[in-house]
Amino acid sequence: MLEKKEFDIEKVIQEFEEVTKDAGRVQRETLKKILEENADTEYLQNFGLQGKTDPESFKACIPLVTHKDLEPYIQRIVDGDTSPVLTAKPVTSISLSSGTTQGKPKYLPFNEELVHSTMQVYRTSYALRNREFPIENGKALQFIYGSKQLITKGGLTATTATTNVYSSKQFKSTMKDISSRYCSPEEVIFGPDVHQSLYCHLLCGLIYANEVQFIFSTFAYSIVHAFRTFELVWEELCTDIREGVLSSRITVPSIRKAVSNLLSPNPDLADSIHRKCINLSNWYGVIPELWPNAKYVYGIMTGSMEPYLKKLRHYAGSLPLLSAEYGSSEGWIGINTEPRMPPEEVTFAVLPDVAYFEFIPVKGRDEEQNLDRNSSTIHYKESQPIGLTDVQVGEEYEVVFTNFAGLYRYRLGDIVRVVDFYNSTPKLKFVCRKNLLLNINIDKNTEQDLQLAVEEASKLLAAEKLELVDYTSNVDMLTDPAHYVIYWELNADANEDVLQSCCNNLDRAFLDPGYVGSRKSRSIGPLELRIIRGGTFQKILSHYLALGGALNQFKTSRCISSSNATVLQILCSNSISSFFSTAYD
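Residue numbering for the sequence shown follows the working numbering, beginning at 2 and increasing consecutively.
Hints are supplied without guarantee of correctness; some may be wrong.
Distance ranges between label pairs, derived from CB positions [to be verified]:
hint	residue 1	residue 2	range
1	F134	A89	39 to 49 Å
2	E37	L270	49 to 59 Å
3	S261	D41	50 to 60 Å
4	G49	R132	46 to 56 Å
5	T158	K60	30 to 40 Å
6	V394	F48	45 to 55 Å
7	L270	A89	51 to 61 Å
Listed below are the simulated DSS-like cross-link pairs for lysine-lysine, each with C-alpha atoms no more than 30 Å apart in a straight line [claimed, not checked]:
hint	residue 1	residue 2
8	K90	K53
9	K311	K53
10	K466	K556
11	K170	K149
Since the hints were derived computationally from the structure, they do not count as laboratory data. Here a beta-carbon is modelled for each residue, glycine too, at the ideal position from N, C-alpha and C.
With the hints as extra help, turn the sequences into a complete structure.
Okay, structure coming up:
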């Protein structure tokens, strides 16, 4: 297929309008296309679908599955089975999930269909954003990174989903079409040392400062991480620009050569950057100050990214934060149709032509089910899945999808709430991950519950001019009774009385009736707040990068499972003080 010579924004928006006006019909056509293309695959044949493509037969024959159910099939592909196991078209590579949830990445099939849908999402998102925030032909300061590429037993490349996308032929042309050409050479993006790549992203962004139209990374965390790094290296960056010589910290030959080619002595630019930086108040508004033509900051800012919004707003100053689309390593789900909406309130209109969607209604947490104490999964009273256009506003659902890359009736593990409809497709708000949970007995606190508790307790830090850098948690089942452990990394030392008060407020801020009752009856022990050394979350990041993850795909897991021994060891070995709640004494 030939690339379009010119990107037509209005045509892209019109196409989006058309597929969302009759989402039910588009969903049936999408399912039919998926099933026709893959009718002869072993997986669909095994379940007796016999070439049928209607939703009723599909749901009657094909079971709901999780990744664990598909692992034997995916492993065969990884090991070199080229027969049509899950898809008729070849699996071109393997995507690795971030691995932050369970401590190890998942293998997922990746093919050209996923690249195509990703480019569709990028173009549609840009068209909708550009309607609100028009940008001229320029560059984007993109903090994007490739990750390690492994070769599987069967000869396939295994790497993160984002790296698979960035490596595709379509990516570069799409970035040009949507005025999102990156500042850095590809040698920086795909460099083997993420710290050197980050330094060079910042340097290249400064060199092209007047051309930068917006700031981007996949997740808000990566942007915050970039500017925390900038606080430490800005003077060195100024020296590089002033002298036209790249810092000796850049030792990777390919990166050094590519970036050196962009450098020439520019003392005026260096002096301007230096003057602007020393005049900033605690780095507030550094982004618009150094990139005066930037219109916005863009990235995924919902769910586990919300805790970074306060710091990101500090760096962004007056620039709006635009939340990017709703997707996962497995595929895309929805698009932000209201770019001006604050990230905390953003919803996502489901794209009815990128996958076939089902939604399992969740009617509240199942208090009667006996829970495995080693499980960190919410158990809901479940009903049968319903179709995309059958969902109800105000109700919550677990997302199930069938895509073009061999995932059939796949339970994504996300719980969403239907807020509204865009034409005939639902607009979703992310609620929580189903398998991220603090749970001891009848208590069930989600990632969102933890976030709200931390936000409430950390208000005491602001009065002391302290900042919560990051946090996570786990359940200590070795004590009797078991109790919650919350880990905080702070930007400076704090008074013990303040931290004890924070600990008590944390304990009181968990409002789940099962937790409150268990604390009062002492069947759950006092909450423990552990303060960890500065740089501990950086060590956790380094651990995941060593597993083959990419910085722009990293998410701090808010609940560390007992099976994630390495991360727990990092947290425990870096704990410097501990406080136990007296809130229920």
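Verification of the hints:
| no. | hint | in the structure |
| --- | --- | --- |
| 1 | F134 <-> A89: 39 to 49 Å | holds, 41 Å |
| 2 | E37 <-> L270: 49 to 59 Å | holds, 57 Å |
| 3 | S261 <-> D41: 50 to 60 Å | holds, 53 Å |
| 4 | G49 <-> R132: 46 to 56 Å | holds, 47 Å |
| 5 | T158 <-> K60: 30 to 40 Å | holds, 34 Å |
| 6 | V394 <-> F48: 45 to 55 Å | violated, 34 Å |
| 7 | L270 <-> A89: 51 to 61 Å | holds, 54 Å |
| 8 | K90 <-> K53 | holds, 19 Å |
| 9 | K311 <-> K53 | violated, 51 Å |
| 10 | K466 <-> K556 | holds, 26 Å |
| 11 | K170 <-> K149 | holds, 19 Å |
The structure fails hints 6, 9 (numbered hints given earlier, in ascending order).
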